[in-house]
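Novice: Chain order of the listed sequences is A and B.
Counting from 1, one number per residue, gives the positions in the first sequence under my numbering.
Counting from 1, one number per residue, gives the positions in the second sequence under my numbering.
Derived by calculation from the structure, the hints in this document are not laboratory data.
Glycine residues also receive a C-beta, built at the ideal position from the N, C-alpha and C atoms.
Treat the hints loosely; a few may be bogus.
[Claimed, not checked] The following label-pair restraints were derived from C-beta to C-beta distances:
no.: 1; chain 1: A; residue 1: Ser-527; chain 2: B; residue 2: Thr-278; range: 47 to 57 Å
no.: 2; chain 1: B; residue 1: Gln-346; chain 2: A; residue 2: Gly-416; range: 26 to 36 Å
no.: 3; chain 1: A; residue 1: Ser-323; chain 2: B; residue 2: Gly-267; range: 19 to 29 Å
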Amino acid sequence: MQQEILLEVQDLSVELLATPSQASKTLIQPISFNIKKGEVFALVGGSGSGKSITSLALMRLLPSALHITGGQVLLSGQDIFAYNELQMNSVRGKQIAMVFQEPQSALNPVQSIGQQVAESLREHQKLQGAELKRKVLSLLEEVGIPEPEQRYDWYPHQLSGGQKQRVVIAIALACEPMLLVADEPTTALDVTIQKQILSLLDDIRRRRQLAILLITHDMGVVAEMADRVAVMQKGAIVEQALVKDFFASPQHPYSQELLAFLPKGNEFCQPVTEDALLELKDIKVWFPQRKGLLQRVYDHTKAVDGVSLSIAPGETLALVGESGSGKTTVGRAILRLEDISAGEVYFAGQRIDVLNKNKFLPLRKKIQIIFQDPFSSMNPRFSVREILEEGMKSLGVGINASERETRMQQLLEKVGLHAGHLDRFPHEFSGGQRQRIAIARALAVEPDLIICDEPTSALDLSIRGQVLDLLQELQREFGIAYLLITHDLSIIPKVAHRVAVMKEGRIVEQGSSQQIMENPQNEYTQSLLASVPSLLSKVSDEELF
Amino acid sequence: MSISILDVKPVFLFSDILIYILVASLGLFFYQLMRNPLSRARWRGVFQSAAGMAAFVVICFYVLVALLDSIHYREPLPILENQTEVHYSQEIRSALDLIFVGVHKRSEKTYSSPFSLQLFTKENMQDENDNLYRDYPMLKHAGQHLSSPAEQGQDVVNKSLLALLVGLLISAVFVGSHMLWRKIKKPTTELPWWSAYLTATVLVLAGSWAIGLSQYYHIAGTNIVGVDVFYQSIKAIRTGVLIGTLATLLTLPIAIVLGISAGYFRGWVDDAVQYIYTTLSSIPGILLIAASVLLIDVYIELHPESFSLGAVRADFKFLALCFILGMTSWTGLCRLLRAETLKVSQLDYVQAAHAFGVSNLRVIFKHILPNVTHIILIAMVLDFSVFVLAEAVLSYIGVGVDPSMASWGNMINEARSELSRDPVVWWPVLSAFVLMFVLVLAANVFSDRVRDAFDPRFGKG
Chain A
1 MQQEILLEVQ DLSVELLATP SQASKTLIQP ISFNIKKGEV FALVGGSGSG
51 KSITSLALMR LLPSALHITG GQVLLSGQDI FAYNELQMNS VRGKQIAMVF
101 QEPQSALNPV QSIGQQVAES LREHQKLQGA ELKRKVLSLL EEVGIPEPEQ
151 RYDWYPHQLS GGQKQRVVIA IALACEPMLL VADEPTTALD VTIQKQILSL
201 LDDIRRRRQL AILLITHDMG VVAEMADRVA VMQKGAIVEQ ALVKDFFASP
251 QHPYSQELLA FLPKGNEFCQ PVTEDALLEL KDIKVWFPQR KGLLQRVYDH
301 TKAVDGVSLS IAPGETLALV GESGSGKTTV GRAILRLEDI SAGEVYFAGQ
351 RIDVLNKNKF LPLRKKIQII FQDPFSSMNP RFSVREILEE GMKSLGVGIN
401 ASERETRMQQ LLEKVGLHAG HLDRFPHEFS GGQRQRIAIA RALAVEPDLI
451 ICDEPTSALD LSIRGQVLDL LQELQREFGI AYLLITHDLS IIPKVAHRVA
501 VMKEGRIVEQ GSSQQIMENP QNEYTQSLLA SVPSLLSKVS DEELF
Chain B
1 MSISILDVKP VFLFSDILIY ILVASLGLFF YQLMRNPLSR ARWRGVFQSA
51 AGMAAFVVIC FYVLVALLDS IHYREPLPIL ENQTEVHYSQ EIRSALDLIF
101 VGVHKRSEKT YSSPFSLQLF TKENMQDEND NLYRDYPMLK HAGQHLSSPA
151 EQGQDVVNKS LLALLVGLLI SAVFVGSHML WRKIKKPTTE LPWWSAYLTA
201 TVLVLAGSWA IGLSQYYHIA GTNIVGVDVF YQSIKAIRTG VLIGTLATLL
251 TLPIAIVLGI SAGYFRGWVD DAVQYIYTTL SSIPGILLIA ASVLLIDVYI
301 ELHPESFSLG AVRADFKFLA LCFILGMTSW TGLCRLLRAE TLKVSQLDYV
351 QAAHAFGVSN LRVIFKHILP NVTHIILIAM VLDFSVFVLA EAVLSYIGVG
401 VDPSMASWGN MINEARSELS RDPVVWWPVL SAFVLMFVLV LAANVFSDRV
451 RDAFDPRFGK G
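The shape of chain A in the complex, shown without the other chains:
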């Protein structure tokens, strides 16, 4: 079907202006693409590849340090770079609207949601009074806000994350734009909510013949939503294709790298049958809620409310759940970073939850942790040497400095860095390299169990695979067990032997990963799995035609 071209980008290039301390830098090499009416065009790539800069350049909203050096953007045939700022204002919102990643910061916390939707209507469509309110309510209804009459006067903090994003979409739709730029619209949301928002967007674009420029790093979202896809790397578009062709046969090496990591279907790790290394029996972590002058405890927040699980040596147990389900708290409680309110913890047959601080110290050698964000998990003022050495010194691994030195060098080589990196500082490394340093730091004290708290969710897709590969390799070599805390179900088949699904502080289902992924019993697990943007089903469906 030949559709009308709505937006045409020709040889757009952007550079970072020179400052006294550095020369100018090209951020976007000349790129060209076009978006047709009613089409979803996905722009994918790692962080820093220039996706968001491209979208801001389309709206002429670039920060002052960035500068458009060439090319043109035609919206319905009109060159928007030729407009003055006043004309541009009528383009923004009215013809191109934007949805941001973080709904929390896109909404004004001191204005009711109804007013915020109304504001943009009043500005662009000059509606008044009852008519205005009727229009706002119909918009809220359209984006699926239940009981819009009552919620008209609600404030953003009274809504959930998903509902906030719906309001943001309602504001974007208020002026009936022709193009919606959605910059990572679901990244900040849970999987089940992500599913709903994506289907809402899909619905709207069918109903309104709306074109959507979807910026994302999630290949699952691309497969689910997009008609065409462009892959960006280092400011250039390396591949443009129809989605079904793209997933069937990616042409560019970078695209292949992005896709190589996606689950291959039924290759599951088989569970290990050995005695448990770590065993949790009915663990509870309750945080007291205090009130009044004397800080009387009047209630508890039950972050973890009776969790039992076990991990065998050399096994990976994936603990999955949405944010707020208490999965991170479980990991922290094992390490005594949170106090356990009730329950028993056994490590290698020894009960460890009753040990005092000093008696627990030797166990810190056995159990270690890797954090989600490799940027905040390292003291920016420490060199790599100090980072690695800290735990070894504290726990007495390595008798003297030279032995520690040798060990640190070996560790860096092991995680794929160079021994020469010891004297560098964290800020000199990329996210993936930092996560490798974090892994080396945990390995430095020769642990038997590593708690991996979302080890890959802050990393780019192409790096995720490498880090997971490294973790698996180390598991094979040293027989380390992992407690893998994650919300990303797509990595489970590849790395986990067993899976435990958590909801509201409790484990709702537990079993081998094959069993959970292919034949989930619990209703919640089923909904969780259903909402993963499933690339497999989509691609195979299209192949059937």
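For this one, chain A is given, so just place chain B on it according to the hints.
Specialist: Below, chain B without anything else, positioned relative to chain A:
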């Protein structure tokens, strides 16, 4: 009789010792900072701006004056007959007086306006024929080298040109040798040295002009007791700089210890610290300071034997004032540090350190303290100018430094009566204002740059 420099008796006031320890420890602190590449990059950011560089040079100039003014000595008195022991003068002089070559000795009777050859007030005088008349008497010291008052205009121009020439030579030597050093060392990063050169040259020129002309005239007039006002306001630099740094440094340990322990340990420690600082900050600061200063006065009255010299007494009172100012103004920084520590101690690297069983003390020193340093630095430079101004306010209401000590606050205090006279005596307050303004402006500009470079909220991170 001439006095050789070797005959003098060095005097070490408490504040002298403190200022040298202070400058040395600041030097050490900066040396430590320079060793860390991250903080070095940030400091480079401070000095990469021309304004920051210029402000730094100005501050250095003030500190240099304060240091010179802190080398104290007593001159020996002329040896009388039958006297074996050398007696020393009750007056304490400093190295700065050497540079001014006896300006302190050239006191007039009372007010005289800048560059004037006559007193500001008329007096009864007798002429050769013993007739009484009223006129402005000639000054005892200013313009004595002139053969007639009519030459003054030409003389001032000549002397100015000479002094400026000397100043130009001195700054040329400094700037030239630094440029040579740069040629040899070839530093990797380019800093706006031209701004430093320009500021230094302006300062040296102004200094040499002022000192050169002070030998012949009272360039900023004289005050009510006939002391040269320019000399007095230069002597006040030491008071201003010292009160700024000492009071700031006294706030630091209290604020750091209490703030970080409140943020790190939380629980009852936090409650206790918060209780202390809310209580303290709800009492008006002036009230506390005034009460403490009066207590100190009573103590000095009751122990006259410990304070034999006037200068020692003034020094004690001055240190007490610094101490009190420090004690009453740590709450702001403490609050900031508590909040920042709360934030930093939740970061993953602190959690990782806990997971490694690192002791609390080590976590605080290795992880928390280095990562809240930017706040301490920013507060330090901001507080400095606040304290310099606070001294002026306190002296104005009569609870500041000892009246015998030169200070801008005391000069402003006197301005109360001077400005209500007719015709107005404007030069002491103007002189104090200009010097204080330059210092506070430089400190503020510098603190702005420091904040830009160190505060993560201002971008660069």
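Novice: Next step is simple, just say for each hint if it's right about the structure.
Specialist: Status of the hints after comparison with the structure:
Roughly 50 Å separates the CB atoms of A/Ser-527 and B/Thr-278, a value that falls within the hinted 47 to 57 Å. In this structure the supplied range 26 to 36 Å holds for B/Gln-346 paired with A/Gly-416, their Cβ-Cβ distance being about 30 Å. The hinted window of 19 to 29 Å between A/Ser-323 and B/Gly-267 holds, with their beta carbons roughly 28 Å apart.
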